[in-house]
Amino acid sequence: MTTDERPDDALLSAWLDGEVEGSECARIEAWLQAHPDDAARVRLWAADRDALRARFSATLDEPVPERLAQAVWRRGRVAAGGPWLQAVAAVLLLGVGVAIGAWWRGGAARDAQQASGSPAWTQRAAVAHAVYSPEERHPVEVSVREGDAASQREQEQHLSRWLTRRLSVPVKLFDLRSEGFELVGGRLLPDANGPSAQLMYQDAMGQRVTVYLRKADREASAAFRYDRRGDLGMFYWVEGLCGYALVGPQPRERLLALAEAIAKQDQPPSR
Amino acid sequence: MQADDVFRQQLLGVIPRLRRYARSLVFDSPAADDLVQTTLERALAHWHQFDQRRDLLVWVLSIAHNAHLDQRRRDARLSVVDPERASADQDAQGGDPGVDVGLRIDLVQALARLSPEQREPLLLVSVEQLTYAECAEVLRIPVGTVMSRVSRARASLRQFLDGSERSAGAAGPRGLRRVI
Chain A
1 MTTDERPDDA
11 LLSAWLDGEV
21 EGSECARIEA
31 WLQAHPDDAA
41 RVRLWAADRD
51 ALRARFSATL
61 DEPVPERLAQ
71 AVWRRGRVAA
81 GGPWLQAVAA
91 VLLLGVGVAI
101 GAWWRGGAAR
111 DAQQASGSPA
121 WTQRAAVAHA
131 VYSPEERHPV
141 EVSVREGDAA
151 SQREQEQHLS
161 RWLTRRLSVP
171 VKLFDLRSEG
181 FELVGGRLLP
191 DANGPSAQLM
201 YQDAMGQRVT
211 VYLRKADREA
221 SAAFRYDRRG
231 DLGMFYWVEG
241 LCGYALVGPQ
251 PRERLLALAE
261 AIAKQDQPPS
271 R
Chain B
1 MQADDVFRQQ
11 LLGVIPRLRR
21 YARSLVFDSP
31 AADDLVQTTL
41 ERALAHWHQF
51 DQRRDLLVWV
61 LSIAHNAHLD
71 QRRRDARLSV
81 VDPERASADQ
91 DAQGGDPGVD
101 VGLRIDLVQA
111 LARLSPEQRE
121 PLLLVSVEQL
131 TYAECAEVLR
141 IPVGTVMSRV
151 SRARASLRQF
161 LDGSERSAGA
171 AGPRGLRRVI
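Residue numbers (the numbering used here), protein chains in the order written: chain A, 1 to 271; chain B, 1 to 180.
In short, the hints are calculated from the structure, not lab data. Take the hints with a grain of salt, since some may be wrong.
Unchecked claim - Here are the simulated distance ranges between beta carbons:
#1 G194/A - Q9/B: 45 to 55 Å
#2 D70/B - D4/A: 19 to 29 Å
#3 T145/B - P170/A: 24 to 34 Å
#4 N66/B - R137/A: 16 to 26 Å
As the list claims (entries may be wrong) - Only part of the chain B face toward chain A is listed, based on derived beta-carbon distances under 10 Å:
#5 L12
#6 P16
#7 S29
#8 S62
#9 I63
#10 N66
#11 S115
#12 I141
#13 P142
#14 V143
Here the structure is a predicted model, which is why all the values come from computation and not from measurement. Cβ atoms here follow ideal geometry from the backbone N, Cα and C, with glycine treated the same way.
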């Protein structure tokens, strides 16, 4: 295939699924950059994919129904060692339920807190964190961790330009390496009145934090506020035209240090 | 037998993802759990055929796919899901505070209108995040077929969603029913 030949939809769709590699992948990316109509179509597919994922993933939080757990333990099973393993199973089930359900179970409490003053968009930031941070294969839409240093820098520039264009506010990729966090990449998300963005960072232990960015409803400045919902903590603030929410399971002081590092980098350079 | 119990524990671990897939396939949640139960029973009956080096989820999903296929053949009712009913069932299940309600109904209706041949690979790749090779293994079709079906499913889904947005003002959501 020559470089200026149009990739068909099957190929574009495979590219979106991470199934295209090497020079072919680079060719498609170049094509999409040069052809906004095709890029827009692929973005819609990606949005549908994310919506499907979000729609059905609530099932993962539900406790496993007793009859299904029974189906696993009952069939053709000898009695010996039974009770002990049943206990293990119960603990395992509990573990899965607690781990996955922990954040969502905070739902009712969250609505109550809503009334107490956390803006609605911070809830979207927390949900986006809960949905994407456990992802192993596709934690981000645009990765900045592929290839050598030069191509990573290129990916970073692309990500920053793309998000800036879509959000209509300057999106800077914060450098949190001094705090031990590397940028994984970012994605575009729907907010109430337009696009928002999520940047994902990961430390050496694989722990993740996300930064949610949105264009503020009006130009304002709001101080740091802290909110904790179940296992997740969050600092959020507004600076100029941009609202920020830093979300992660880390303790409050750790999140504060990261939030301060972000706010500091966001200051316009003094001349 | 020791291996048997290890296997049962592994099987317990994949139930949440198996339920998600069944729910996205069947829409009606009691029917989805029936499918999960059938799948678990078949997996246990054939557990000695499972190669421990393979991914248990992929193996179990392929059993679920076959069980679903059998069910569709046996019971034509399951292959024609009324989209309005499906969305009502989905709403009754609640949850999912992150997605706009209007979008959600359209999405589930649109998904229900895809043929099973398109819906399955789309869900396996998009929601379950399988690779095309894994998806091909689950559905027992060539990788190239996965690629073209996923792409066609995306195009159809988009067409349904765009169409329903356009008709929302004029015909209302009931306009959808006519076509089914």
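Verification of the supplied hints:
Separation of G194/A from Q9/B is about 46 Å and conforms to the stated range, judged on CB atoms against 45 to 55 Å. About 48 Å separates the C-beta atoms of D70/B and D4/A, a value inconsistent with the hinted range of 19 to 29 Å. Under the hint 24 to 34 Å, the C-beta atoms of T145/B and P170/A, about 45 Å apart, miss the expected range. Restraint check, N66/B to R137/A: a C-beta distance of roughly 25 Å satisfies the suggested window 16 to 26 Å.
Checking L12/B against chain A: minimum C-beta separation of about 5 Å stays under 10 Å; hint holds. Taking 10 Å as the C-beta cut-off, the interface hint given for P16/B holds, the closest approach to chain A being about 5 Å. Satisfaction of the interface hint for S29/B is found here, the shortest Cβ-Cβ separation to chain A being roughly 8 Å, below the 10 Å cut-off. The restraint placing S62/B at the interface with chain A is violated, with a minimum CB-CB distance near 18 Å, outside the 10 Å limit.
Hint status for I63/B relative to chain A: violated, with the closest Cβ pair at about 13 Å, above 10 Å. For N66/B, the suggested interface contact is broken, since its CB lies about 17 Å from the closest CB of chain A, more than 10 Å. Contact between S115/B and chain A, as hinted, is not supported at the beta carbon level, the nearest pair being about 16 Å apart and thus beyond 10 Å. Against a cut-off of 10 Å between C-beta atoms, the interface hint on I141/B is violated, since the closest Cβ of chain A lies about 14 Å away.
With a least beta-carbon distance of about 13 Å to chain A, the hint placing P142/B at the interface is violated under the 10 Å criterion. The restraint placing V143/B at the interface with chain A holds, with a minimum CB-CB distance near 9 Å, inside the 10 Å limit.
Figure legend: structure checked against the earlier numbered hints; hints not met, in rising order: 2, 3, 8, 9, 10, 11, 12, 13.
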